[in-house]
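**Student:** Take these sequences, add in the hints, and give me the full structure.
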Amino acid sequence: MKKFIIQIIGILTIILILLLAFDFAYTSVYKNANPRTKFQYLRSLKNSKVNYIFLGSSRVENGIDPFIIENNTQKKCVNLGYEAAKLGDIYTVLQLLKWYNIASDTVFIQVDYIYDIKGHSINLPYEMAPFIKENQITKDYLIDYVGEDLSTYYIPFVRYCASDQKIGFRDVFANVIGKKTTVVANKGYSPLRKNDGKHSNHLALPTSIASHNPYYEKIKKYGAANNLKIVFFCAPFCKHTKNLDYIKKLKTKIPDLHDFSDAIEEDSMFVDCFHLNEMGSRKFTEIVVEKIINNKK
Amino acid sequence: MFFNSLSFAIFLPIVFLLYWFVFNKNKSNQNAVLIIASYYFYSCWDWRFLFLLVFSTFLDYYTGIRIEKAKSEGSRKFWFWLSISINLGFLGVFKYYNFFADSFSDLLNGFGLQTSPLLLNVVLPVGISFYTFHGLSYVIDIYLKRIKAEYNFVDYSLFVSYFPLLVAGPIERATHLLPQVKVKRTFDYQKAKEGIFQFIWGLVKKVVIADTCATYANAIFDNYHSMNSLSLLLGAVYFAFQIYGDFSGYSDMALGMSKLFGIDLLRNFNYPYFSRDIAEFWRRWHISLSSWFRDYLYIPLGGSSGGMAMKIRNTFVIFLISGFWHGANWTFIAWGFINALYFLPLLLLKKNRSNMETVSLYWNWNSLKVIASIISTFSLTCLAWVFFRAKSIGDAFEYITRIFTNRIFESQYLENERYNFEIIILVLAFILVEWKSRTKLEPISGRYSYLKLTLCLAAIIALGTYSDYKEFIYFQF
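These protein sequence lines map, in sequence, to chains A and B. FYI, the numbering for the first sequence is 1 to 297, going by the numbering used here. FYI, the numbering for the second sequence is 1001 to 1477, going by the numbering used here.
These are computed hints drawn from the structure, not numbers from a lab. Warning: the hint list may mix true and false statements.
[As the list claims (entries may be wrong)] The list that follows gives simulated cross-link-like pairs (lysine to any residue, SDA-like), each with its CA atoms no further than 25 Å apart:
1. K180/A to L1451/B
2. K180/A to Q1412/B
3. K1470/B to I122/A
4. K3/A to A1009/B
5. K229/A to K31/A
6. K242/A to I117/A
7. K221/A to T252/A
8. K3/A to K1025/B
9. K2/A to Q1412/B
10. K31/A to A1009/B
11. K31/A to E1417/B
12. K1470/B to L150/A
[Stated by the list, open to error] Not everything, but these chain A residues come out facing chain B in the computed CB check (under 8 Å):
13. F4
14. L18
15. I122
16. F157
17. D164
18. F169
19. K229
Note that CB positions come from ideal geometry on N, CA and C, so glycine has one too.
**Tutor:** Listed below in structure tokens is the structure:
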């Protein structure tokens, strides 16, 4: 039995060493590889200045083309919108901009029904997971806000196992061989190609609005405390969207909101009532340049 | 509580410590620990089904004794058929009632009589097919006077409920397992070491091979309408390795952990995908079920003793029932039927026992023939697996039709954001490892065992699928 117990201890030691080794290797790859994910891209902007930074949900990710802004203004722009991001996710990214020492002239934040929704982005948590030990902001976000298990922080490699479909061996291998992604080449913009104008899915906005959103208030305070110019705006909805008067209610909560909810009327510009297609996003980006950026000069 | 879960990683060492360090004085204590652990393990799924398990155990225990003690042949038959009826009755109600009600209703609707079946809203108790077959074999063996009835209820309960085999087999025989639980087990280092190696290899099969293949197989099968020929072919191959890795991985884990308690279980898989014909495949796949059907159905039906017509009839009966055992769906029956059709030429040509020895390859022309026969047997098996995996027989036919009619053999991006060909290297590496170790229980033991063990652990950690968790397929049966 003694021999067997020694053998088991040996196996457990091998497991521990492997966990540490894989954790170190994977994290090193994510830290040093050319950016493939939007979060790696954000980190690559460390110690630099980006004039215009767009934050928000997929309605930013799919709706703002940074190249159009750069061509029009000759200034640097990135799209840091994340699919299904809520104000809590946006607040985290905002804090990380400072932590990574990324300066900006203006941060544009898209707010709409996310004012009323709890939860978190789909992609941001696993894109941030490799860097959980990098700073307290990332740790607090993943553990407290997203609700990841504490084991993902304390036990090596568990976070990679927990998200193996996204940051497992396959993705690490893609990082090692330098496989490029379009999201980074497009400065965070991810255009939606569908363009049939036949979106029968008429989505609805909430009928009522929450009395307040704590993360909106945190964003406001954070902006003021760090002398950040933050511009809130609302991206277009298709004209068939139900309860569009929600945006009026939202304006009572965010008085300086730039409302573009009805800025694009053509159905052919939308993939569905909440998302612009590539053509629509180009048109909307030009509207943003004209109505906000150039006016703000 | 699955074998590859964190809770089981806590449960197993606790039971191991209690078994060998606290309650190791005599076999009664050892059996008591194992039976309590087994009931706790089973109750983790749904404690209500524990009553069913205990009732089933008691029924077979009691009827076994009554059969043995019966004074007359009539009394023996009475207790025997009572046990068979109740056992099959439970299986019928929980597993097959809704299928029969639905099928009968469909039949009446086909004749223009509009009916809506009265369906039961019951969950299938996990492992019911397995422990019912344990009990059945025990009662049949007593009735046929092959074994004596067991009078110690705890020992008998352990035979039925022993947690490594409780939910997905292997289907044990009283002649094999009961003698082992009737003596005090002493710790055997070599056996425990073998057990650890086999358990870890089973884990590799489950989390590295089966669950990874499942990610691709599911994306292909669930969207087969939009898949090209290459994707559909790969989907069938991936499913073949998913189900093999899943079930044989489970069996390896069961056999391995049982060795830690000093108990040997029946081998369930013997490298089936290296079979040279379908008969050999069925001697190597789910061996405990195949042999159960052989001993308790095929032979009582006359087996091979009658003429060719009887052999063919019995073969079809076995395969159809075996298919139906897997689940209450026509797809499983079709799968059984297809396997019977595959078996038929071998039976007619009397070649069903021609490949009994382990396959070997040499540098000669005959080896090419062997390789061709292995590939053709595997292809036939994959074709049958399509029926096993498809939601309906119509879907299975359409899936296969598209393989031959689509004729596009290029890489395809799947719904799960992966390319269809991505895990071919993993599958080929697995085949190579299995081929090299086909004369052993698992590939870790032997020379450089600790290096191989480390590689296996590395594969489990780095290549395993954890976030898209998949239950063991055979738990639903």
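**Student:** Evaluate each hint against the coordinates.
**Tutor:** Here's how the hints hold up against the structure:
Of the pairs offered as hints, the one joining K180/A and L1451/B is violated, with about 35 Å between alpha carbons and a cut-off of 25 Å exceeded. At most 25 Å may separate the alpha-carbon atoms for a hinted pair to count; K180/A and Q1412/B meet this at roughly 19 Å. With a CA separation close to 21 Å, the supplied pair K1470/B and I122/A stays within the 25 Å bound. Under the criterion of a C-alpha separation no larger than 25 Å, the hint pairing K3/A with A1009/B is consistent with the structure, at around 21 Å.
The straight-line distance between the Cα atoms of K229/A and K31/A is roughly 29 Å, outside the 25 Å bound, and the hint therefore fails. Restraint check for K242/A and I117/A: the C-alpha separation of about 17 Å stays at or below 25 Å, so the hint holds. Pair hint K221/A plus T252/A holds up; C-alpha atoms about 18 Å apart against a cutoff of 25 Å. At roughly 21 Å between alpha-carbon atoms, K3/A and K1025/B fall within 25 Å of each other, so this suggested pair holds.
Distance hint between K2/A and Q1412/B is unfulfilled; the C-alpha atoms sit about 54 Å from each other, more than 25 Å. A distance of roughly 32 Å separates the Cα atoms of K31/A and A1009/B; the hinted pair therefore is violated under the 25 Å criterion. For a cut-off of 25 Å, the pair hint linking K31/A to E1417/B stands: about 23 Å separates their Cα positions. Of the pairs offered as hints, the one joining K1470/B and L150/A holds, with about 23 Å between alpha carbons and a cut-off of 25 Å not exceeded.
Residue-level restraint check for F4/A holds (minimum Cβ-Cβ distance to chain B is 5 Å; threshold 8 Å). Taking 8 Å as the C-beta cut-off, the interface hint given for L18/A holds, the closest approach to chain B being about 5 Å. Taken as an interface hint, I122/A does not check out: its beta carbon lies about 12 Å from the nearest beta carbon of chain B, beyond 8 Å. Checking F157/A against chain B by beta carbon gives a least distance of about 7 Å; that is within 8 Å, so the hint holds.
A least Cβ separation of about 5 Å between D164/A and chain B falls short of the 8 Å threshold, and the interface hint therefore holds. The beta carbon of F169/A comes within 5 Å of a beta carbon in chain B, closer than 8 Å, and the hint placing it at the interface holds. Given the 8 Å rule on beta carbons, the hint for K229/A is violated: about 37 Å separates it from the nearest Cβ of chain B.
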